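Next come the chains, spelled out residue by residue.
There are 2 protein chains.
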Amino acid sequence: MSHIIFEKRKSVEQVEESTELAPKFDQSGILPVVTTDFYTGEVLMQGFMNAEAFKKTIKLGEVFYYSRSRNKIWHKGQTSGLIQKVKEIRIDDDQDSVWLRVKVVGGASCHVGYRSCFYRSIPFGDNKSKIVLQFEEKEKVFDPKKVYGDAPNPTKL
Amino acid sequence: MSHIIFEKRKSVEQVEESTELAPKFDQSGILPVVTTDFYTGEVLMQGFMNAEAFKKTIKLGEVFYYSRSRNKIWHKGQTSGLIQKVKEIRIDDDQDSVWLRVKVVGGASCHVGYRSCFYRSIPFGDNKSKIVLQFEEKEKVFDPKKVYGDAPNPTKL
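Protein chains in written order, with this note's numbering: chain A, 328 to 484; chain B, 328 to 484.
Bound-form chain A, shown alone (with noise of 0.2 Å):
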């Protein structure tokens, strides 16, 4: 659907010294993305684009990942309502990697029901064997049976 150009891939020096945009998707045809929230900084969450996504996410502003489970595209919010409006695009230096700084509609992202998928610590720099996560965000956003219903749960063991 989308006319945006990637440029192919000439040299170290164009990749990270230009401002061309010349992404590498993996042997998959992926990057990885993580988003942040634009007005606390927080990571949301983690996900992956194939250049569809990409350029749509570009496009249309709002953000579009591919499900490695599902291989497929999503617009993020589509059952949920939580779109994510885009604020700002960064790109890294090999240009391998996406950081997507968004408004979230509804205040949260994760399917869980909190705010951010990031919602327990790991303790970290004891000599201990056995972990036991902290939860960090205390109580959930949202009810996820009376946002997602019977859709099944995206998470695979």
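Everything labelled a hint here was simulated from the structure, so no lab data went into it. These figures come from a predicted structure and were not determined experimentally. Careful, some of the hints might be misleading.
In this list, chains with the same sequence are indistinguishable; a pair is considered to hold if it fits within one copy or across any two.
[Unchecked claim] Below, a list of computed lysine-lysine pairs in the DSSO-like style, where the Cα atoms sit at most 27 Å apart:
no., residue 1, residue 2
1, K467, K414
2, K457, K351
3, K399, K351
4, K337, K455
5, K386, K455
6, K455, K383
7, K465, K351
8, K351, K414
9, K414, K430
10, K412, K455
11, K483, K337
Fit chain B to the given chain A structure using the hints.
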């Protein structure tokens, strides 16, 4: 080296709602990691970890990544001195992605010399097919030639 235990993945509820650490590595044995500056919230870089790099990071409180191009673990800052000291480790809902909040010794994380690897932005939402990246950092923090010398550039075409 590390005796940290990763639990077996038994159920969606265990993975999403419990305090057990049961990370999921992909078919290559890695998971994506996003690293932000603890003080500014800025995304510094995006990398990968295998199980050993993840355990070392948890145990030692300094960041170890897994290089896909070199097929080995690297201790960030070992060459440059730009060590990343862990302040917080978060894991996401389905435990296949990690968020690290770090303090960066030397104040820069990017091998090109910038503070963040994401020093360029992508204009979006217009109807142009030709994208011109914008530099969001105007000056390099360090001279990569002085810091890395003749070490091979990690950027691959």
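K337 and K455: within-copy, between-copy, both or neither at 27 Å Cα: Intra 48 Å, inter 22 Å, cutoff 27 Å: inter-copy only.
Intra- versus inter-subunit Cα pairing at 27 Å for K467 with K414: So K467 and K414 pass the 27 Å test inside a copy (25 Å) and across (25 Å) alike.
Status of K383 relative to K455 across identical chains (alpha carbons, at most 27 Å): between (46 Å within a copy, 13 Å between copies)
Copy assignment of K412 with K455, given that the CA separation must stay at most 27 Å: Classified as between; 19 Å across copies, 42 Å inside a copy.
K351 and K414: within-copy, between-copy, both or neither at 27 Å Cα: within (23 Å within a copy, 31 Å between copies)
Status of K337 relative to K483 across identical chains (alpha carbons, at most 27 Å): Only across copies: K483 and K337 sit 10 Å apart there, 38 Å inside one copy, limit 27 Å.
Identical-chain pair category, K457 with K351, by Cα at 27 Å: Between. Shortest inter-copy distance 17 Å satisfies the 27 Å Cα cut-off; intra-copy 38 Å does not.
Homomeric proximity label, K465 with K351: Cα distance no greater than 27 Å: Result: close only across copies, 24 Å inter versus 38 Å intra.
Intra- versus inter-copy proximity for K351 and K399 (alpha-carbon distance at most 27 Å): Cα proximity of K399 and K351: in one copy and across copies (19 Å, 21 Å).
Alpha-carbon proximity context of K414 and K430, limit 27 Å: both (7 Å within a copy, 26 Å between copies)
Intra- versus inter-copy proximity for K455 and K386 (alpha-carbon distance at most 27 Å): between (48 Å within a copy, 8 Å between copies)
The structure shown violates none of the earlier numbered hints.
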